[in-house]
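Once you know that position 254 of the sequence shown is 254 in this note's numbering, the rest is easy, because the numbers rise by one and skip nothing.
In short, the hints are calculated from the structure, not lab data. Misleading hints may appear alongside valid ones.
As the list claims (entries may be wrong) - Distance condition first, Cα-Cα at most 30 angstroms in a straight line; then the derived BS3-like pairs of lysine-lysine:
| id | residue 1 | residue 2 |
| --- | --- | --- |
| 1 | Lys24 | Lys79 |
| 2 | Lys163 | Lys103 |
| 3 | Lys48 | Lys29 |
| 4 | Lys70 | Lys212 |
| 5 | Lys82 | Lys174 |
| 6 | Lys174 | Lys163 |
| 7 | Lys47 | Lys24 |
| 8 | Lys29 | Lys47 |
| 9 | Lys223 | Lys174 |
Claimed, not checked - Computed spacing ranges between beta-carbons, pair by pair:
| id | residue 1 | residue 2 | range |
| --- | --- | --- | --- |
| 10 | Ile71 | Ser241 | 47 to 53 angstroms |
| 11 | Lys229 | Leu61 | 36 to 42 angstroms |
| 12 | Ile221 | Lys48 | 51 to 57 angstroms |
| 13 | Glu89 | Gly160 | 42 to 48 angstroms |
| 14 | Arg49 | Asp259 | 27 to 33 angstroms |
| 15 | Lys50 | Ser97 | 14 to 20 angstroms |
| 16 | Gly162 | Ile204 | 15 to 21 angstroms |
Note that the Cβ used here is the ideal one computed from N, Cα and C, for glycine as well.
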Amino acid sequence: MPPKNIKAVENRRRAQQRECKKRKYLEIKNDPELLAIEQEKRRIRYKKRKEEAITQFEADLIAFFNHVHKINFQYIGIKTLKNNLPVQEALLHVDFSENYALKFAEEVQAFHFGGSRQQVSLHTSVAYTHNFTSGVVTPMSYCTIFIKLKKNTWNYSEAGHGKGAPDGVGAVLKRTADRMTLFGKDIGTYDQFCDILMQNINNIIIKKVDEKEIIAKERLIPKTLKPFKGTLSVYQVLWDSSVPMTVLRQLSCFDCNADMKCIHGYDLGNVPNYSHGNIENIDPNYVAPLSKSVNSKQGTQNPNKRIVILSDIKIKQSNSLYIGDYEDQNQNFNTNP
Numbered sequence: 001m002p003p004k005n006i007k008a009v010e011n012r013r014r015a016q017q018r019e020c021k022k023r024k025y026l027e028i029k030n031d032p033e034l035l036a037i038e039q040e041k042r043r044i045r046y047k048k049r050k051e052e053a054i055t056q057f058e059a060d061l062i063a064f065f066n067h068v069h070k071i072n073f074q075y076i077g078i079k080t081l082k083n084n085l086p087v088q089e090a091l092l093h094v095d096f097s098e099n100y101a102l103k104f105a106e107e108v109q110a111f112h113f114g115g116s117r118q119q120v121s122l123h124t125s126v127a128y129t130h131n132f133t134s135g136v137v138t139p140m141s142y143c144t145i146f147i148k149l150k151k152n153t154w155n156y157s158e159a160g161h162g163k164g165a166p167d168g169v170g171a172v173l174k175r176t177a178d179r180m181t182l183f184g185k186d187i188g189t190y191d192q193f194c195d196i197l198m199q200n201i202n203n204i205i206i207k208k209v210d211e212k213e214i215i216a217k218e219r220l221i222p223k224t225l226k227p228f229k230g231t232l233s234v235y236q237v238l239w240d241s242s243v244p245m246t247v248l249r250q251l252s253c254f255d256c257n258a259d260m261k262c263i264h265g266y267d268l269g270n271v272p273n274y275s276h277g278n279i280e281n282i283d284p285n286y287v288a289p290l291s292k293s294v295n296s297k298q299g300t301q302n303p304n305k306r307i308v309i310l311s312d313i314k315i316k317q318s319n320s321l322y323i324g325d326y327e328d329q330n331q332n333f334n335t336n337p
């Protein structure tokens, strides 16, 4: 039995459907009662879609107004804090974090499009202080400041609206590194990246953070930490050395301290401060890899692959190709017939 023509069957079925719709349309059009019922159904469906659209728009509008309110509130709060910063306080604008892909002055195509390119993490920050000194401020002076800290607040900007001065610092670092590679210098390791930036940028303090320092700070964190419910809603974290807990708020408030309840209703909750007894003791000579399965490759650099010019390749008497020296390429060889 020959197979049926599937395309012809499908076309015939669609023609029958069109004919049925046409008959139904003519039947409704010629009957005033059926026509009124059909028009009412269409009006109800349209009204329902319109009501659903309005409901969805109102829900999205509330979320949008909340988003805009947080943007303006956080920006105004930080700007006010900068303009009224006391002498004994400092403001740090921090950006976590940017990445920079290490590169060489000359790269083969496989390295350019491959996944073997290493990256460096940049944690840029800008310090705003009212401390006037008569000389250059060294990084050691900043280290002594943190010992005297009594209060600390951590404020977050709204998602997608955190551009500021630290982004400009990161742009200067990346642009300087790119310019030095164009001048023929290779930046293939973390140490090379830092050394080149320190040599060419004078008004930015650059501090290296090695694996040992990361591990030392990581061991300060207790092994068991209870998560805070509603972390994504936190926009301010307050710490006071005289208060046994860290206060979390949904918006930044600089009028209410950590030892009092926010009169504006911004408090979300608090988490207890961990004492040194709950933290693992640190051995300054202890260094462990960040990952047990992956060894750190910091400080190692693969040498650049030699670029072979086709004119440097010559043929031996054995009729096999090998790479020869340029000064010997004009030597004549006797070939077998």
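Cross-check of the supplied hints:
Between lysine 24 and lysine 79, the direct Cα distance comes to roughly 69 angstroms. Violation of the 30 angstroms bound is thereby established for this hinted pair. Under the criterion of a C-alpha separation no larger than 30 angstroms, the hint pairing lysine 163 with lysine 103 is consistent with the structure, at around 26 angstroms. Using a Cα cut-off of 30 angstroms, the hinted pair lysine 48 and lysine 29 holds, with the two alpha carbons roughly 24 angstroms apart. In summary, the hint linking lysine 70 to lysine 212 is not supported, as the alpha carbons are separated by about 39 angstroms, beyond the 30 angstroms threshold.
For the hint pairing lysine 82 with lysine 174, the CA-to-CA distance comes to about 27 angstroms; that is within 30 angstroms, so the pair holds. For a cut-off of 30 angstroms, the pair hint linking lysine 174 to lysine 163 stands: about 17 angstroms separates their Cα positions. Annotation: proposed proximity of lysine 47 to lysine 24 holds, straight-line Cα distance about 24 angstroms (limit 30 angstroms). The straight-line distance between the Cα atoms of lysine 29 and lysine 47 is roughly 23 angstroms, inside the 30 angstroms bound, and the hint therefore holds.
About 36 angstroms separates the Cα atoms of lysine 223 and lysine 174, which puts this hinted pair outside 30 angstroms; it is violated. Between isoleucine 71 and serine 241 the Cβ separation comes to about 32 angstroms, which falls outside the hinted range of 47 to 53 angstroms. Checked against the hint of 36 to 42 angstroms, the pair lysine 229 and leucine 61 fails, with Cβ atoms roughly 27 angstroms apart. Between isoleucine 221 and lysine 48 the CB atoms are about 54 angstroms apart, so this pair conforms to the stated range of 51 to 57 angstroms.
Here the CB-CB span from glutamate 89 to glycine 160 is close to 28 angstroms, at odds with the stated 42 to 48 angstroms. Distance hint check: the CB atoms of arginine 49 and aspartate 259 are about 54 angstroms apart, inconsistent with the given range 27 to 33 angstroms. The hint said 14 to 20 angstroms for the Cβ distance between lysine 50 and serine 97, and at roughly 47 angstroms that hint is violated. For the pair glycine 162 and isoleucine 204, the supplied restraint of 15 to 21 angstroms holds, since their beta-carbon distance comes to about 20 angstroms.
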